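Start from the sequences, fold in the hints, and give me the full structure.
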Amino acid sequence: MAVQHHSNIIELSPERVYGGFGSDDPAAVLAIGNTPLLSLRRFARRTGLPDSVELWLKAEWANPGGSVKDRPALGIVRDGIASGQIGNGRVLLDATSGNTGIAYAMLGAAFGFSVELVIPENASEERKAILKAYGANVVLSDPYEGSNGAIRHARALAADHPDFYFYADQYSNPANPAAHFATTGPELWRQTSRGITHFVAGLGTTGTLVGAGRFLKECDPGIQIVAVQPAESFHGIEGLKHLPTAIVPSIYDETLPDVQIGVDTEDAYAFTREIAKVEGLFTGTSTGAAVAAAVRIARELADRGEPGVIVALAPDGGGKYLSTELWS
Amino acid sequence: MSDSGTITVLIPAPLRRYTGGVSKVSSSGSNVTEVLASLESSYPGLRDRIVEEDGEIRRFVNVFVNGQNVRKLEGVATATSEGDEIGIVPAMAGGTVA
Chain U
1251 MAVQHHSNII ELSPERVYGG FGSDDPAAVL AIGNTPLLSL RRFARRTGLP DSVELWLKAE
1311 WANPGGSVKD RPALGIVRDG IASGQIGNGR VLLDATSGNT GIAYAMLGAA FGFSVELVIP
1371 ENASEERKAI LKAYGANVVL SDPYEGSNGA IRHARALAAD HPDFYFYADQ YSNPANPAAH
1431 FATTGPELWR QTSRGITHFV AGLGTTGTLV GAGRFLKECD PGIQIVAVQP AESFHGIEGL
1491 KHLPTAIVPS IYDETLPDVQ IGVDTEDAYA FTREIAKVEG LFTGTSTGAA VAAAVRIARE
1551 LADRGEPGVI VALAPDGGGK YLSTELWS
Chain X
-1 MSDSGTITVL IPAPLRRYTG GVSKVSSSGS NVTEVLASLE SSYPGLRDRI VEEDGEIRRF
59 VNVFVNGQNV RKLEGVATAT SEGDEIGIVP AMAGGTVA
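For the protein sequence lines, the chains are U and X, in the order given.
Residues 1251 to 1578 in my numbering are what the first sequence spells out, letter by letter.
Residues -1 to 96 in my numbering are what the second sequence spells out, letter by letter.
Accuracy of the hints is not assured; some may be wrong.
[Claimed, not checked] Example chain U residues on the side facing chain X (calculated, C-beta under 8 Å, incomplete):
1. Tyr1394
2. Gly1396
3. Gly1399
[Stated by the list, open to error] Here are the in silico distance ranges between beta carbons for each label pair:
4. X:Thr4 with U:Pro1436: 58 to 64 Å
5. U:Pro1286 with X:Glu80: 53 to 59 Å
6. X:Ser79 with U:Asn1338: 52 to 58 Å
7. U:Asp1413 with X:Gly43: 44 to 50 Å
8. U:Ser1443 with X:Gly43: 47 to 53 Å
9. X:Glu50 with U:Gly1445: 38 to 44 Å
10. U:Gly1334 with X:Ala75: 56 to 62 Å
11. X:Asn64 with U:Asp1508: 45 to 51 Å
12. X:Asn64 with U:Arg1440: 53 to 59 Å
13. U:Thr1505 with X:Lys70: 44 to 50 Å
14. U:Glu1556 with X:Gly43: 37 to 43 Å
15. U:Asp1301 with X:Glu51: 33 to 39 Å
[Said to hold, decoys possible] SDA-like mimics (lysine to any residue), calculated; alpha carbons at most 20 Å apart, straight line:
16. U:Lys1378 with X:Gly65
17. X:Lys70 with U:Leu1572
18. X:Lys70 with U:Glu1375
19. U:Lys1378 with X:Asn67
20. X:Lys70 with U:Ser1573
21. U:Lys1527 with U:Gly1568
22. X:Lys22 with U:Glu1395
23. U:Lys1527 with U:Gly1567
24. X:Lys22 with X:Gly43
25. X:Lys22 with U:Asp1392
26. U:Lys1527 with U:Phe1293
27. X:Lys22 with U:Asn1398
28. X:Lys70 with U:Glu1376
29. U:Lys1467 with U:Thr1505
30. X:Lys70 with U:Glu1371
31. X:Lys22 with U:Gly1399
32. X:Lys22 with U:Glu1371
33. U:Lys1467 with U:Arg1440
Quick caveat, the hints were computed from the structure, so don't treat them as lab data.
A quick note: this is a predicted structure, and the numbers were derived from the prediction, not measured.
By construction, the Cβ of each residue, glycine as well, lies at the ideal position given by its N, Cα and C atoms.
This is the structure:
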């Protein structure tokens, strides 16, 4: 008897099915990466861009922990397991504004190791609640010292108790950009059918831009790598760093970006709301910042009459920002 | 100005370039707007980082008076008095400061 096909049933394509028999990895780990690349054509048209300049969004909120940070966290954890630094009862420790912490906490729950995170006290209630749900221990650092304060606090803890902690140090750990070199970069190359002309990403640990950017440059040195930072040191774009006033991550490669773009917090918020209204995409503030920068690049191309395939990376979804003024 | 004596203002790290690196400064005023005006006269440029042109607090900034977010009080009109402590924190996601 022939299988009945119903037109209202959406069939999963093979690449959207993760793992299965033969894999011992936890389901959450299998679901990391291979995120969708979404066309922002509707938004681009409303912004007045010609169809010859394409805007795309890499939907990193589709990772199981809800953010791009699942990738470097998995890279760092796999590295730690391979080197024996995880799995001997030591506690994974790091400083984070939230998303990396959520990724570590998820992996800690899945693999069975303990996680302790130093986050500024002004991190959102949503983040703290998610971390606790995964069973992580949360240490709050001085909100007036920001993410630099959280880093200093984590470093001091690690130095004082070297046998107790595995200090993951996402800002210095080469496994962070390596994860993006191995996954994010190849996905962008493949998903754009080798057509990407500009890669736009915010700078936080700088791992995304450095890892994926390095891969893309090896594929085609002509691909423009666009780094996005908050325009000023006092800002509300969570996860991004104003490098001139921040502790510059040692994994950062300042020679890699072709273009640096500063985005005001208000513009990042405005673009975040705009793509929610026009495309129905509910994202975080750093996505708005990346889209704002991508639009600036797109307008320059359009003014010169040049085509382009611009990909902005969307680090996370909007759900963790409900307690902010972003959506009010 | 009877109740507008010395008020302590806690300055977050990214704004300390306006205060010569100092994390805790003194100000005065009977409400948040007056305190910010007083701050501006001592540390030019600081107020515009905290409020919009219309004087309202920028969306990503939280201002606390004695640990309470003024958005949940009377905004920039929230009363202040001698001995109060005002905190200025970027709303890295709307958290509260105890």
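A quick look at each hint next to the structure:
1. Residue-level restraint check for Tyr1394 (chain U) holds (minimum Cβ-Cβ distance to chain X is 5 Å; threshold 8 Å).
2. The beta carbon of Gly1396 (chain U) comes within 5 Å of a beta carbon in chain X, closer than 8 Å, and the hint placing it at the interface holds.
3. The beta carbon of Gly1399 (chain U) is positioned within 8 Å of a beta carbon in chain X (closest approach about 7 Å), and the interface hint is therefore held.
4. Range check, Thr4 (chain X) to Pro1436 (chain U): Cβ separation about 60 Å, and the 58 to 64 Å hint holds.
5. Between Pro1286 (chain U) and Glu80 (chain X) the beta carbons are some 57 Å apart, a value that agrees with the proposed interval 53 to 59 Å.
6. For Ser79 (chain X) paired with Asn1338 (chain U), a C-beta distance near 56 Å keeps the hint of 52 to 58 Å intact.
7. Evaluation of the 44 to 50 Å hint for Asp1413 (chain U) and Gly43 (chain X) yields a pass: the beta carbon distance comes to about 47 Å.
8. For Ser1443 (chain U) and Gly43 (chain X), the hinted distance range of 47 to 53 Å is satisfied, since their beta carbons lie about 49 Å from each other.
9. Here the CB-CB span from Glu50 (chain X) to Gly1445 (chain U) is close to 41 Å, well matched to the stated 38 to 44 Å.
10. With their beta carbons about 59 Å apart, Gly1334 (chain U) and Ala75 (chain X) fall inside the hinted range of 56 to 62 Å.
11. Distance hint for Asn64 (chain X) and Asp1508 (chain U): a CB-CB separation of about 48 Å, consistent with the stated range 45 to 51 Å.
12. A beta carbon spacing of about 55 Å between Asn64 (chain X) and Arg1440 (chain U) agrees with the range 53 to 59 Å that was offered as a hint.
13. For Thr1505 (chain U) and Lys70 (chain X), the Cβ-Cβ distance of about 47 Å falls inside the hinted range of 44 to 50 Å, so the restraint holds.
14. At roughly 39 Å, the beta carbons of Glu1556 (chain U) and Gly43 (chain X) sit within the given window of 37 to 43 Å.
15. Checked against the hint of 33 to 39 Å, the C-beta distance between Asp1301 (chain U) and Glu51 (chain X) comes to roughly 37 Å, which is consistent with it.
16. Under the criterion of a C-alpha separation no larger than 20 Å, the hint pairing Lys1378 (chain U) with Gly65 (chain X) is consistent with the structure, at around 19 Å.
17. As the CA atoms of Lys70 (chain X) and Leu1572 (chain U) are separated by approximately 16 Å, the hinted pair is consistent with the 20 Å bound.
18. A distance of roughly 16 Å separates the Cα atoms of Lys70 (chain X) and Glu1375 (chain U); the hinted pair therefore holds under the 20 Å criterion.
19. For the hint pairing Lys1378 (chain U) with Asn67 (chain X), the CA-to-CA distance comes to about 19 Å; that is within 20 Å, so the pair holds.
20. For the suggested pair Lys70 (chain X) and Ser1573 (chain U), the alpha carbons sit about 13 Å apart, so the restraint of at most 20 Å is met.
21. With a C-alpha separation of about 13 Å, the suggested pair Lys1527 (chain U) and Gly1568 (chain U) falls inside the 20 Å cut-off, and the hint holds.
22. Distance check on the hinted pair: Lys22 (chain X) and Glu1395 (chain U) sit about 12 Å apart at the alpha-carbon level, within 20 Å; holds.
23. The suggested pairing of Lys1527 (chain U) with Gly1567 (chain U) holds, with an alpha-carbon distance near 14 Å, which does not exceed 20 Å.
24. Restraint check for Lys22 (chain X) and Gly43 (chain X): satisfied, since their Cα atoms lie roughly 17 Å apart, inside the 20 Å limit.
25. Distance check on the hinted pair: Lys22 (chain X) and Asp1392 (chain U) sit about 14 Å apart at the alpha-carbon level, within 20 Å; holds.
26. For the suggested pair Lys1527 (chain U) and Phe1293 (chain U), the alpha carbons sit about 9 Å apart, so the restraint of at most 20 Å is met.
27. Pair hint Lys22 (chain X) plus Asn1398 (chain U) holds up; C-alpha atoms about 18 Å apart against a cutoff of 20 Å.
28. At most 20 Å may separate the alpha-carbon atoms for a hinted pair to count; Lys70 (chain X) and Glu1376 (chain U) meet this at roughly 19 Å.
29. For the proposed pair Lys1467 (chain U) and Thr1505 (chain U), the alpha carbon gap of about 12 Å is at most 20 Å, so the pair holds.
30. Between Lys70 (chain X) and Glu1371 (chain U), the direct Cα distance comes to roughly 19 Å. Compliance with the 20 Å bound is thereby established for this hinted pair.
31. Proposed proximity of Lys22 (chain X) and Gly1399 (chain U) is supported: the alpha carbons are some 16 Å apart, at most 20 Å.
32. Between Lys22 (chain X) and Glu1371 (chain U), the direct Cα distance comes to roughly 18 Å. Compliance with the 20 Å bound is thereby established for this hinted pair.
33. The hinted pair formed by Lys1467 (chain U) and Arg1440 (chain U) meets the criterion: a straight-line CA distance of about 14 Å does not exceed 20 Å.
Hint compliance for this structure: every hint is met.
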